[in-house]
Amino acid sequence: MVIYPLLWVVMSALKDDSEVIRKPLSLIPDKLHWDNFTRAWGEGHLGAFFLNTLLVLVGSVFLTMLLGSMAAYVLSRYEFPGNRLIYYMFLSGLTLPIYLAAVPLFKGVYNTGLAFPLLGPNKHLMLIFVYVAWSLSFTVFFMHSFFRTLPNSIAEAAMVDGASHSRLFFSVMLPMSKPGLISIGIFNVLGQWNQWYLPTLLMQSVAGEPKNQVISQGLIELSVNQGYKSDWSGLFAGVTMAMLPVLIVYIVFQRQVQSGLTAGVGK
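All residue numbers for the sequence shown refer to the UniProt record's numbering, where the first residue is 1 and numbers rise by one.
A portion of the hints provided could be inaccurate.
[Unchecked claim] Per label pair, the in silico range of CB-to-CB distance:
1) 166 x 28: 55 to 65 Å
2) 194 x 67: 19 to 29 Å
3) 70 x 116: 22 to 32 Å
It is worth saying that the hints were derived from the structure and are not from the lab. Predicted model, so just to flag it, every value in this text is computed and none were measured. Note that beta-carbon positions come from the ideal geometry of N, C-alpha and C, so glycine has one too.
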């Protein structure tokens, strides 16, 4: 049920348009048409969309993991007035549909762009910050539970040896939480890679050029343009190229994701 649709998309990307229409359910193409990928990458601007997505993803995932881990660590390991209030404020972000914040978000981004051009609409930096804010709630929720499973004895031994709180976090506790970091990192990569609504809201196309648009917008644009041209093979090639990176990432880190999700069960 899972493998067949994926395999069908990949094999359809290697057919020509007539074969896609005549034999849509066939997995074996009569002839391999590798030029479909070249056409989708160049004429469909998929290369530019990939580059934009990587630029945004590297910055947003790094900041999300860093800030989310720091917040989760403090909230899970230190007692101070307002601890639970701050934690529940993070959790409240999970209950707010992004659609309810669309108008104030766009208005805030637009007004910010008037004062700081790099933080306005159609800018990578602004989309990175929005992605971080969007992903932070789940990251804090996940890592908060994971940090609570780590043994106190190791942290106490590091403090006795003279480690500062920041040294304790970066040199001891953060490496120990590697399974959890990999798991939530995969979730963030998948979620931000597939995000469509926020880029559509904040990254508008200009005069038909890709500009700063990301891969999810590129696939929609490719489906519309190729649909009018009846270039279905190019569309399947674009979908395949967008699908394979995240599929490879999950396959490579599958064991780490599973161990991260079950690390605290027996403790």
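Are any of the numbered hints broken by this structure? If so, which, sorted upward?
none
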